[in-house]
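**Q** Chains as they are written, first to last, in our numbering: chain A, 15 to 276; chain B, 15 to 276.
Hint data in this document are derived by calculation from the structure and do not stem from the laboratory.
In this text the structure is predicted, and so the values were computed from the model without any measurement.
It is possible that part of the hints are untrue.
Claimed, not checked - Calculated pairs, DSSO-like style, for lysine-lysine (alpha carbon to alpha carbon, straight line, at most 30 Å):
id : chain 1 : residue 1 : chain 2 : residue 2
1  : B       : K149      : A       : K17
2  : A       : K63       : B       : K60
3  : B       : K43       : A       : K149
4  : B       : K17       : A       : K124
5  : B       : K149      : A       : K149
6  : B       : K56       : A       : K63
7  : A       : K43       : B       : K149
8  : B       : K63       : A       : K56
9  : A       : K56       : B       : K56
10 : A       : K43       : B       : K124
11 : A       : K56       : B       : K60
12 : B       : K56       : A       : K60
13 : A       : K60       : B       : K60
14 : A       : K124      : B       : K33
15 : B       : K17       : A       : K149
2 protein chains.
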Amino acid sequence: MEKLFVIKIGGNIIDDEIKLSSFLQSFAKIEGKKILVHGGGKLATKLAKQLGVEQQMIDGRRITDAETLKIVTMVYAGFINKNIVAKLQSQHCNAIGLSGADGNCIVSHKRGSNSGGIDYGFVGDVDAVNSILLKTLLEQNIAVVLAPITVDTNGQLLNTNADTIAQETAKALSILYDVELIYSFEKSGVLLDVHDETTVIATINPLSYQTLKEGKKIFEGMIPKLDNAFAALQSGVTKVIIGKAEELNQLISGSSGTSIVQ
Amino acid sequence: MEKLFVIKIGGNIIDDEIKLSSFLQSFAKIEGKKILVHGGGKLATKLAKQLGVEQQMIDGRRITDAETLKIVTMVYAGFINKNIVAKLQSQHCNAIGLSGADGNCIVSHKRGSNSGGIDYGFVGDVDAVNSILLKTLLEQNIAVVLAPITVDTNGQLLNTNADTIAQETAKALSILYDVELIYSFEKSGVLLDVHDETTVIATINPLSYQTLKEGKKIFEGMIPKLDNAFAALQSGVTKVIIGKAEELNQLISGSSGTSIVQ
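Just need the whole structure built from these sequences, with the hints factored in.
**A** See the structure below:
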């Protein structure tokens with residue numbers, strides 16, 4: 015099967031114009047099929063503040079009320095998505111920016127208010143990825159840029175976790191492609207010592223993961239990402255790589271970051 | 015050739031949630047290939063005001079400085095575009111929302127500051143429509159929803175007149191389809207008496223247009239629209255219809271509005 019890269023880029027890179035530009039230059043150079051999933055960054059929070067829309071966060075998750083949904087739709091699916099697409103075009107990488115509503119490409123359902131007693135508001139959990147539409151675009155050598163906004167079957171837009179979108183997209187497309195899923199962010203990979211960037215763990219497999227967890231060697235915030243990575247591998251994704259956004263090309267070549275394997 | 019409807023919807027309908035909903039219900043019901051081009055409405059102006067970004071208008075045209083470009087990208091390509099797409103999905107009309115940057119589908123150039131001595135800022139005049147991408151989507155029975163934001167060859171996003179986008183899209187696709195271009199807005203059509211909605215002129219051809227203009231029977235604001243309509247017909251568009259957004263189905267069946275013909 016042909017290779018496909020599904021690459022998630024974190025919010026902190028999006029907030030840094032120079033880092034973003036450099037990342038997109040690397041992304042543009044990747045040969046073959048590719049999908050970029052972007053998070054939100056701080057711009058939505060900033061805009062909400064400017065507009066006097068109060069932001070409620072629970073456990074690091076934004077509660078998305080109607081006004082906040084409007085803001086994240088504008089910022090994620092509008093400003094960030096179109097700026098990324100335009101920058102890729104300027105690098106001669108033909109790209110198309112989509113929300114989950116476009117072509118129903120990522121359909122979700124509103125998270126039930128009974129999930130831990132917290133009502134997250136207009137937040138969606140992914141049900142289905144329209145791999146046919148994505149394949150049609152990829153086959154035209156168009157890079158797909160996905161914003162973390164999805165839609166339910168009633169046409170309700172929903173704010174959705176970008177990591178989850180990357181994972182579900184990678185899983186859905188693993189039937190059609192040899193998919194490598196890359197989570198790129200500010201750290202060099204999964205670190206043994208969270209304060210020391212030179213302690214990157216090159217490879218993690220299920221057995222070593224168990225040992226690392228038992229020895230409490232894994233930074234707590236990393237555990238959901240790793241759990242998701244193993245779930246993706248079990249669903250057909252070939253390889254999951256976690257590492258520094260500035261080292262995208264090295265992540266792909268395998269000379270940097272952490273590889274999660276079966 | 016198969017029929018394709020290219021339908022422009024004016025800003026005042028977008029600002030009215032009930033009218034927009036009813037319009038989209040009619041749009042969803044149109045059988046066959048269709049493209050919707052939407053304008054901006056007053057939301058961008060409102061948001062600019064809330065954010066303290068001063069809006070400069072010259073001859074009814076917005077001067078698009080960097081901050082205003084950010085706002086219109088958020089509002090047009092984000093909020094309005096994605097809400098229209100989500101509403102169409104809820105009507106079981108599969109739709110995809112694009113800006114001109116997406117798949118380079120509408121490439122423009124920045125309007126020269128020597129155009130009448132006015133510097134319009136980040137405003138684009140359309141150079142090319144990527145009919146191949148649009149055809150690919152249409153052939154999958156996906157309705158395309160175009161936001162009035164385009165891109166130049168350097169990846170600069172540009173604010174662009176939605177009427178022009180509709181016209182250029184209709185012209186470009188007239189090689190592949192039998193295109194009917196519909197401008198839908200708040201009036202019932204081209205009126206003999208601008209204050210009397212019952213004075214719709216059913217048909218205008220080049221000869222009757224000349225007579226109407228000479229007799230000063232045409233409302234001045236209508237003249238650029240009609241000039242563009244005749245230009246579209248000369249470039250291969252089959253028919254141009256101008257009329258009320260609330261009467262979309264009647265505009266298509268020919269029982270309402272003004273038809274502009276060769």
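**Q** Decide, hint by hint, whether the structure agrees.
**A** Against the structure, the hints come out as follows:
Proximity of K149/B to K17/A is assessed by CA-CA distance (about 26 Å); at most 30 Å being required, the pair is judged to hold. A hinted pair counts as satisfied when its Cα atoms are at most 30 Å apart, and K63/A with K60/B qualifies at roughly 16 Å. About 27 Å separates the Cα atoms of K43/B and K149/A, which keeps this hinted pair within 30 Å; it holds. Taking the CA atoms of K17/B and K124/A, the gap is about 38 Å. The hint is violated against a cut of 30 Å.
Restraint check: the Cα-Cα separation between K149/B and K149/A comes to about 16 Å, which is no more than 30 Å; the hinted pair holds. Annotation: proposed proximity of K56/B to K63/A holds, straight-line Cα distance about 22 Å (limit 30 Å). Straight-line distance between C-alpha atoms of K43/A and K149/B comes to about 27 Å, which keeps the hinted pair within the 30 Å bound. Note on K63/B and K56/A: the hinted pairing holds, with a Cα-Cα distance of about 22 Å set against a maximum of 30 Å.
For the proposed pair K56/A and K56/B, the alpha carbon gap of about 26 Å is at most 30 Å, so the pair holds. For the given pair, K43/A sits about 27 Å from K124/B by alpha-carbon distance, which is consistent with the 30 Å threshold. This hinted pair checks out: K56/A and K60/B have alpha carbons roughly 22 Å apart, not beyond 30 Å. As the CA atoms of K56/B and K60/A are separated by approximately 22 Å, the hinted pair is consistent with the 30 Å bound.
Under the criterion of a C-alpha separation no larger than 30 Å, the hint pairing K60/A with K60/B is consistent with the structure, at around 18 Å. The suggested pairing of K124/A with K33/B holds, with an alpha-carbon distance near 27 Å, which does not exceed 30 Å. The straight-line distance between the Cα atoms of K17/B and K149/A is roughly 26 Å, inside the 30 Å bound, and the hint therefore holds.
In summary, the one numbered hint that this structure violates is 4.
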